[in-house]
Amino acid sequence: MKQVFKFIFHTINLLFIFITGRHDRQPEFTQIDLELSFVSRENIFSLIEQLLTACWPDSLDNIPFPRLTFSECMSRYGTDKPDTRFALEIEHTSDKLYITSPISLKNIKNFLADTNNIDYDDNARKFSMNKTNDENEDLIQMGKLRLKLADLLEKEYKIELRKKRQWNFLWVTDFPLFTPMTDDKTKFESTHHPFTAPIDEHLSLISSEKHWSTIIGQHYDLVLNGYEVGGGSIRIYDSYLQRFILNDILHLPIEHLEHLLKALEYGAPPHGGIALGLDRLLALVLETEHIRDVIPFPKTSIGRDLMAHAPSQVEQSELDYYFLKIDKKN
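Letter by letter, the sequence shown follows residues -24 to -1, 1 to 306 of mature numbering (1 follows the signal peptide of the UniProt record, and there is no 0).
These are calculated hints, taken from the structure and not from any lab test. There's no promise every hint is true.
[Claimed, not checked] Straight-line alpha carbon distances no greater than 35 Å define the calculated DSBU-like cross-link-like pairs of lysine-lysine that follow:
id : residue 1 : residue 2
1  : 275       : 186
2  : 163       : 72
3  : 186       : 163
4  : 82        : 57
5  : 238       : 161
6  : 124       : 57
These numbers come from a predicted model, not from an experiment.
Full structure from sequences and hints, please.
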């Protein structure tokens, strides 16, 4: 008799990552982590939508949450985490990109001072940019202009584009599984992480190097009002596929991952998960200017804890207690 067990694992974790603190991120943060076996992307989306609907302080109207692919986000908004509370979408022609302002703008020389290659036509109310060989970078520039224009229209012209207490959740899907490396476009790195599974329709493309840049991964992000508030993926559970991606595509050392590959050989279930950034969600709900405002004893921008005076030198007596030694030579 064959038995199959479905497993759901969830934790609330305090994490530390090596980044510089900004208004929307801290090197130390709390996440709600969900890991599930025998699960699909649709299961995870439904679970998160039910969770947020149940605990959100305001009513959420658009359930299920709208979805856009990564390529749609970049084409329309110039970012993979668009704020969809307002339009100002990027328009395309064969050789130009446009953003149309809802009103005629005056005295915007300073507004465009630090924006390269973008012109403004007052009669047409259009910002335009000539497409280059790097269209992705062009779109990113237009995406930044879009947000800057929204700030200008709200602050200087008193046009309300981004309503307060309006919650535009959005699933972003269909990210490329691999991204060409910046210093060598012939080599690849994982867009998400090296354990993300490709979509089933692209499994057959893995063996062909010429198709690696076109393979779509089962990675998804949850975006709220222009902020990434969660992300996850369906994972690889086939040992041969995992070894091939690590070794042949990403050229990563796999010696320290042999235990994982061996475990997969014994038969791992299909599995996946997602993590939500609790601090960022709270900062958005409470409308704080800085994520530090919702974190007890937050770190400074360089990672110092002013309450605990950390990091600091460890006393020799503390090292002796744990039989530790600091080798300053290495």
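Hints, verified against the model:
1. 275 - 186: violated, 45 Å
2. 163 - 72: holds, 30 Å
3. 186 - 163: holds, 12 Å
4. 82 - 57: holds, 29 Å
5. 238 - 161: It holds: about 32 Å lies between the C-alpha atoms, which stays within 35 Å.
6. 124 - 57: With Cα atoms ~15 Å apart, residue 124 and residue 57 stay inside 35 Å; holds.
Checked against the numbered hints listed earlier, the structure breaks hint 1 alone; every other hint is satisfied.
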